[in-house]
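There are 2 protein chains.
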Amino acid sequence: MGPTRFIFLFSVVNTISSYLLMKHLQGVSNVVITDLLEDGFGDHPFYHCVVAEVPSEQQSNNGPVVIGFAMYYFTYDPWIGKLLYLEDFFVMEMYRNIGIGSEILKLLSDMAFNTRCNSMHFVVAEGNQKSIDFYKRRGAADITHDEGWRLFKINKSSLFKMSSGTIE
Amino acid sequence: MGPTRFIFLFSVVNTISSYLLMKHLQGVSNVVITDLLEDGFGDHPFYHCVVAEVPSEQQSNNGPVVIGFAMYYFTYDPWIGKLLYLEDFFVMEMYRNIGIGSEILKLLSDMAFNTRCNSMHFVVAEGNQKSIDFYKRRGAADITHDEGWRLFKINKSSLFKMSSGTIE
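Protein sequence lines, in the order shown, are assigned to chains A and B. full-length UniProt numbering numbers the first residue of the first sequence as 1 and each following residue consecutively. full-length UniProt numbering numbers the first residue of the second sequence as 1 and each following residue consecutively.
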């Protein structure tokens, strides 16, 4: 990887990392910058990114270069087919309301079409009405509400118990 | 692909397909058997399967060979890291309550560990209390209830509107 590419990727994961810090001030992430680099840009990427950058002629030495991102990957539903799953989506506060989010979502829609995806899925925190309104204006449906789908997790310690035969 | 492998894969996707028919009797799937074959076992698989088979010495000519499956893939959360996402999980009615589901879930837990996943995620329909109890006994937490995460979708026609600039 050349130095320019590295600086760019570092800028991307640094933006993701700042966003995580902001979003979860009270917690400690399992994921560090080196994981984000390896997991997204290593030999077997587990996610992809669309990024919004400040045009080079408007960049200052101190300002951010990457000011927004969407993290996505492809999933599958045997009933629907290929899906584009939007994992996370963020535009820095001072760059909002000028259409960057819409532009990113347009790019993702183009990508969904070009990769023959039949739907885009994502989760939103129920208290985040601003985001819910943003997506609903673009045709999003709340399938937890409409179809009763609930998201579950089994954490690492319970997986370990199953794997080791402690729970059957 | 050799004929034995093809017959086996056909048996797998046939089981998935029968399950889909049973689950959604009222609907028409976008996905047909040839899609399931291509999407799961082509050059770029979008899902993986664990299958439960009747041992060869107990197979009859008319009985099913593949009697259960779990469909899964890997996803990513920038806060948690790699996730094993359990998309669908099914054991034929007459083969239930003899531990096949537990065995499949144990295999998936082993796989999650070996691939350094920090959690297993999945959705369950809120009316499916039997499945919810099955997962909760194994340590599952309802993060729609506990953390307020709601699942949304944007369907193909709305993606097209965004892609073509009709919605901004």
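Just so you know, the hints here were simulated from the structure itself, not pulled from any lab data. Because the structure is a prediction, the values reported are computed rather than measured. Keep in mind that the hints are not guaranteed to be accurate.
Unchecked claim - Mimicking PhoX-like on lysine-lysine, the simulated pairs with C-alpha atoms at most 20 Å apart in a straight line are:
(1) Lys156(B) to Lys161(A)
(2) Lys156(B) to Lys82(A)
(3) Lys161(B) to Lys82(A)
Outcome of the hint check:
no.: 1; hint: Lys156(B) to Lys161(A); verdict: 41 Å, violated
no.: 2; hint: Lys156(B) to Lys82(A); verdict: 11 Å, holds
no.: 3; hint: Lys161(B) to Lys82(A); verdict: 19 Å, holds
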